[in-house]
Structure formats: structure tokens, C-alpha cells
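Please arrange chain B on chain A, whose structure you already have, making use of the hints.
Order-wise, the sequence lines are chains A and B. Mind the numbering: the first sequence is residues 0 to 364 in numbering that gives the first Met the number 0, read in order. Mind the numbering: the second sequence is residues 0 to 364 in numbering that gives the first Met the number 0, read in order.
Heads up, a few of these hints could be off.
To give an idea of the chain A side of the interface with chain B (calculated C-beta under 7 Å), a few residues [what the hints assert, rightly or not]:
no., residue
1, Ala63
2, Gly87
3, Asp109
4, Glu307
5, Asp334
The following residues of chain B were derived to be distant from chain A, with all beta-carbon distances above 10 Å [unchecked claim]:
no., residue
6, Ala73
7, Asp103
8, Asp249
9, Ile267
10, Lys281
11, Asp298
12, Gly353
13, Gln364
Simulated from the structure, these hints should not be mistaken for laboratory data. Glycine included, C-beta positions come from ideal geometry on N, C-alpha and C.
Take a look at the letters that make up each chain.
There are 2 protein chains.
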Amino acid sequence: MAHAADIPTPALVVDLDRFERNVATMAAFLRARGKAFRPHAKTHKCPEIARRLIAAGAVGACVARLSEAEVFAAHGIRGLLITTPVIGATKIQRALQLAIAAPDTIFIVDHEANVRDLDAAAAAHPGVVLNLAIDLFFGRTGIPPGEPALALARAITRYARVQFVGLQSYDGQAAHTAPFTAREVRSTGSLARAVDTRRMIEATGIACPLVTGGSTGTYRIDSAIDGVTEIQPGSFVFMDLEYGQIGGPDSADYHDFEQSLHVLSTVISRPPGLAVVDAGFKAFSTDRPFPPAPVDMPDLTYAWAGDEHGRLDLSQSTREVRVGDRIAFVPPHCDPTVNLYDQIYAVRGDRVEGVWPIAARGKSQ
Amino acid sequence: MAHAADIPTPALVVDLDRFERNVATMAAFLRARGKAFRPHAKTHKCPEIARRLIAAGAVGACVARLSEAEVFAAHGIRGLLITTPVIGATKIQRALQLAIAAPDTIFIVDHEANVRDLDAAAAAHPGVVLNLAIDLFFGRTGIPPGEPALALARAITRYARVQFVGLQSYDGQAAHTAPFTAREVRSTGSLARAVDTRRMIEATGIACPLVTGGSTGTYRIDSAIDGVTEIQPGSFVFMDLEYGQIGGPDSADYHDFEQSLHVLSTVISRPPGLAVVDAGFKAFSTDRPFPPAPVDMPDLTYAWAGDEHGRLDLSQSTREVRVGDRIAFVPPHCDPTVNLYDQIYAVRGDRVEGVWPIAARGKSQ
Numbered sequence: 000m001a002h003a004a005d006i007p008t009p010a011l012v013v014d015l016d017r018f019e020r021n022v023a024t025m026a027a028f029l030r031a032r033g034k035a036f037r038p039h040a041k042t043h044k045c046p047e048i049a050r051r052l053i054a055a056g057a058v059g060a061c062v063a064r065l066s067e068a069e070v071f072a073a074h075g076i077r078g079l080l081i082t083t084p085v086i087g088a089t090k091i092q093r094a095l096q097l098a099i100a101a102p103d104t105i106f107i108v109d110h111e112a113n114v115r116d117l118d119a120a121a122a123a124h125p126g127v128v129l130n131l132a133i134d135l136f137f138g139r140t141g142i143p144p145g146e147p148a149l150a151l152a153r154a155i156t157r158y159a160r161v162q163f164v165g166l167q168s169y170d171g172q173a174a175h176t177a178p179f180t181a182r183e184v185r186s187t188g189s190l191a192r193a194v195d196t197r198r199m200i201e202a203t204g205i206a207c208p209l210v211t212g213g214s215t216g217t218y219r220i221d222s223a224i225d226g227v228t229e230i231q232p233g234s235f236v237f238m239d240l241e242y243g244q245i246g247g248p249d250s251a252d253y254h255d256f257e258q259s260l261h262v263l264s265t266v267i268s269r270p271p272g273l274a275v276v277d278a279g280f281k282a283f284s285t286d287r288p289f290p291p292a293p294v295d296m297p298d299l300t301y302a303w304a305g306d307e308h309g310r311l312d313l314s315q316s317t318r319e320v321r322v323g324d325r326i327a328f329v330p331p332h333c334d335p336t337v338n339l340y341d342q343i344y345a346v347r348g349d350r351v352e353g354v355w356p357i358a359a360r361g362k363s364q
Numbered sequence: 000m001a002h003a004a005d006i007p008t009p010a011l012v013v014d015l016d017r018f019e020r021n022v023a024t025m026a027a028f029l030r031a032r033g034k035a036f037r038p039h040a041k042t043h044k045c046p047e048i049a050r051r052l053i054a055a056g057a058v059g060a061c062v063a064r065l066s067e068a069e070v071f072a073a074h075g076i077r078g079l080l081i082t083t084p085v086i087g088a089t090k091i092q093r094a095l096q097l098a099i100a101a102p103d104t105i106f107i108v109d110h111e112a113n114v115r116d117l118d119a120a121a122a123a124h125p126g127v128v129l130n131l132a133i134d135l136f137f138g139r140t141g142i143p144p145g146e147p148a149l150a151l152a153r154a155i156t157r158y159a160r161v162q163f164v165g166l167q168s169y170d171g172q173a174a175h176t177a178p179f180t181a182r183e184v185r186s187t188g189s190l191a192r193a194v195d196t197r198r199m200i201e202a203t204g205i206a207c208p209l210v211t212g213g214s215t216g217t218y219r220i221d222s223a224i225d226g227v228t229e230i231q232p233g234s235f236v237f238m239d240l241e242y243g244q245i246g247g248p249d250s251a252d253y254h255d256f257e258q259s260l261h262v263l264s265t266v267i268s269r270p271p272g273l274a275v276v277d278a279g280f281k282a283f284s285t286d287r288p289f290p291p292a293p294v295d296m297p298d299l300t301y302a303w304a305g306d307e308h309g310r311l312d313l314s315q316s317t318r319e320v321r322v323g324d325r326i327a328f329v330p331p332h333c334d335p336t337v338n339l340y341d342q343i344y345a346v347r348g349d350r351v352e353g354v355w356p357i358a359a360r361g362k363s364q
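Chain A on its own, in the form it takes in the complex (with noise of 0.2 Å):
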């Protein structure tokens, strides 16, 4: 397929000179901060994406899970670091087996239990030592930051085939926090928390090397803290339409990021007044309070219609809307949206350079 005209809708695509562009902004603004820099695999699930990231200088990528992780490691990728605590035997073996084959990989857990589990799964397997990144609770999983999290650090030194390697302080509520002072006020408050942590801990002798954490929304206020080591954005490499909205330091939109995401549809029905295309709940994620926006079309408005189907009210409208035509919307939230699909079609102007498979895709276990 050499031509953007010939992907069959609906479909993902990524505009690849706004990709470069966003990857590349990225990468040389946390090297200037003297950040590490580990991306969050779950927005993209696509090894080709990780290995672009890697290319531009990224320790690794996060991923949300177990089977994320595994799929990115067959795909050679390495410095995986999870992001959701490995719960239960039969996926405590199956992460043994991961940090085998990737043994840079790090865990993350946020009590005593799971760490005493992970260390007699690892005892099966001599020479397998479990690197354990803690969580700290800033409103959704977790362990709170302080006493507690410094008390699960030192249980952790007492087991043999575990290692204590720091702090996940990812404040999920800090990255859409509107306007940017608000966003800002949040997001320093959790990590100083975490930065203070991480002085306790290493007040008692324990070594604590990471302090990771961050989003497309909170990275630069989030990579200006001394203490923190590491940034783990995700969405800045396609963003969205609720990104588009968090508002920058001197701006009600958003701007550092363009948006490079698409989801490409064809009109399939033209009833009187209406126009009908081929992308509605399977094809957008829902979990936002607004619908995909037409791109270059202000003058339309999308309505969900259905699984399958979304309309377009042409009836104020003079525009010429004819079946085949094919428009592309901004998706209202890209991580959810990329997880419908199975590739992502990687266009440059009118030519597709690649079609990425989305590996991970579904990949939530």
C-alpha cells in the first residue's frame, strides 16, 4: 500500500512528521533537564514506537502490565519497568520468566505480601534477583508516601532475591489538572512527597536510585524537581483531544505536542441532511464527556451513532458531503483509542511509510 487513500476505514493512522516532531521535543527537552527518560508504552502498545523512543534516547518504557510487558520483551525491548503490581501465582511464575529474559525489568509493588510472594517464586530459580520499585499512593493504587512506604522498603532489604530500586510516584490525577497553575501546585506537591521519601529511605542506609514518574501533562513541572531521576510521559508522542484542552504555562490550549493521531473514516450513507460514517464506539473510546472532532471540518459536529456508526449533521451546512468521501477525526482520548486496533498506519503527507503492528494490543493481563 503506497497511498493514504487506499487504508481501509476506519483506521489509525499517525502522521509521521508531527511523530518525529513530538519525539524529538521530548527527548531533548528531559536531556537538557538531565532526566531519565522512560516513556509509557500503554498509550502505543507498538514495539516500532518503543524502538523509535529508544533511538532518541529512552532508558526503556513503561508498561501497565504483565502481558504488555511480555510482548514489548519478545520484541527485544528491554529497561521495562511495570507499572501495575504482578498479583497472583500464576502471574507471579510468568513475571520470574519475564526477568529471566529481561532481567533489567523492574516490578512495582505496594505491600509486604506480594514482595514475600515474588521472592519465594524467584528462590525456584537461582541467580534471579527481582528489581522492586515501590508504589506510592497518590489517589489511586499504592502505598502511602513516608512511614509506610519507608517500612515496606527496609521489609524489602530482608528478602535475598528481591532488590529495592525506588519509587514509582506517578500522580494520576496531576497530569489532566487544569489550568497549568493548578496542574502545577498538584503535581509538585505529590513528587516533593515522593523526593522526601526517598530521603528517608536513603537516611537509613537503603539506597534508593529511581524516583520515576510524570505525564505528558506534568513534565515539565515534574522534571524541574531535584530528587526525581526519571520521566515516564506517554500521550505526547500522538495526543488528543482532552491533552489538546489541560492548558500550557501561558496558554488556555495546549501546545507543547502536536496532535499526530488520527482515526480515518469513510462516509457509508448519505440520508437526507445527514452524513453517515463508519466509525462509532469500536472504532473512538467513549470515556471522555465530548466527541472526535473532524479534522479541517469546524463546521461539522460528529454524534455518536451506535457500535458502528457516527453521524454528521449537514443540515446547517453547505458543505458537499458525498458517500466515500473520507474524513479524519481527532480522537477524544488516544490510549483507549489505540487499544481498538491492530495496527496503526504510519503516513507522510499522502504515502503510508509502514503499517506498525499495535502488538500489545488488548494486552491487559
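Below, chain B without anything else, positioned relative to chain A:
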């Protein structure tokens, strides 16, 4: 894997006893009414389920998209009806290949230019005749019933490589109209127009053997209508929170079918007052205004907590919830939830009897 306790979460699980009763109930009801049964496979996207429905008496399967049809045809399913028009030269070429492999496939059209394109493409394959049904407009896609549809039926008869077979008469809004009496008014009105259109067409000497439509919500209503030949329900195999609320002829709940589909999750973190499960926007579709419902735990309420997580507030509960506990949920809306998973675990009691590939998952093209 023998035991349900070993299923890695998040996972899609079907209760086989309930599923089998749902299939038997619908098949027996439509058989008694003398209507053909062509269940919509966009709900399950699973060839194993299509095979079981055909074994129960279905004449084939509706599918929403060409790429779904290709998957089901490759798995040996025949009697396919594609309920979305096939638009664009590349897809029309694929439609021809499908019609060669599965000659009884029915395609839908709603304007003559598409008929002309299909006919022209078929000319390259001597002996191939495409079966076309006209999609009637009841609010989403299609051509208005009555004179416009009649004119299109006449137009179809002027092309040599296509054959008019009937009317696709699906009123998507009717399926979820509540209460039952309002649903009855709406669906009866729509299908009366379809049956009138059939009469107009047959009065001109054009045979119209097929009038197909209906849904899990309207099958009782639609199957009572003379001139409707076939019912195409989908969700009855699984059910979901929304269908549970549409009301029956004698009740506010809808009891015709049993809730057979669940999403199984695991508690992965227990911050103070909270249980966090491993199922969020990537584990459930979010297109309905209510969250997933925990099975057999009416005291707990699920709250969305992002792409990968859900939150159960335990602050008002005396229930013991521990990390590692498994909690099943009824999804708000079955079709787009199924579309997130690669497989369905088919469970009877505590035993996994099968792991069925959702082979057409993501096939929206």
C-alpha cells in the same frame, strides 16, 4: 486450564449454562413464530458462537462489516448478511472475493451508484451474481421506505450481475426504547413501513423474499408482524446492564434472557478505604452512562479509575476485600466490551470448558 480460578484477569467470561439457555429460548421462540433466525454476530465476533447458533437453527449470521464477514466465512460460516454498505473500490474487490467463496452472502445498498459499482466489479467474474438487500432508513443509514426504496429495487433489476433479495429493516433506536409499550409502538411502526414497501415492490412484479430486522429488545414485537421474514437479534446471547433495564411486557426489568457475560477482575491494590481492580477503560466499554456492576455484591459500587483501573469504595462497607480477590462485573454494554478481548473463557460452574477466540475482534473495516 481447568479451573476458572486460573483465568488471567481482566478476562471476558461466559456462563455456559446461561448462554445455552439464551440460545435455546430465542431459537425456540422464533421457530414457533415461523420466522427465520439470523443472529447478529457483531455482538460476539466469535465463530464458535456462530456455529452454536447455527446448530440451534440459525440460517446464518448477520455481520456489521466486510472484514467480519471475511473472518466468519474463513471459519466456514455461511448465510452471511453484511449490515453495512460496502463502499470504495478496494472493499468492493474484497466483496467479490467473498461472494465467490460464500455465494449466499447478502450485501446491503442504499443508493444506485453503489449498485452500479458492485455490478461493474462483478463483471470481471463471470457467473458471479451479488445478492443485494436494500437498507431502509429508520434514523441512521439507508434509503427512505416507500417510493425511494421501490425506485432503488427497480434500478437493481436493471443490472445483470446483482440480484435484489429483499429489505434490511433495522430500526436501531427501537431496540432500547423503554418501556415495552413505547418500544412496541416504535418498532411496529417502522416494520409496518418495511412491509408496505415490500408490498409495493412485489406489486410491480419484483420478488422480495426477505424482510429482515429486529433485535433482542424487539424480537417479540417484530416476529408477530406478517411480512417480516427474519429476525436478527444479537445481544440476547450475553445481555448487559442496559438491556436488563429496557423493561418487558409485564415488568420494569427485562427477564427474557439471562446475564451470561461477565468481566472478571482481580483486586491489585488496597489503599486505605479502597479496593482497586485491574479493569478500567480497556476492560469495559464506556459508552453507557452507568458503570459496571459487581456480581453478587450490591453493597459495592464500581467507579472508573482510568485506562487500567477501577475503584471500589470500601469506606461504608464491612466487607473484607483483599489483594488477590477476584470480582466479576456485568458490563454496561456487551458488544463494544467484547470487542476489547481476544478470547472468551467459556465456564460451567468452576470449570473452564473452552477458550473461544474472538476471531473478528477489531474487524471493523
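Inset, instruction - Of all the hints given earlier, name the ones this structure violates by number, lowest first. - result: Hints 9, 10 and 13 contradicted; others consistent.
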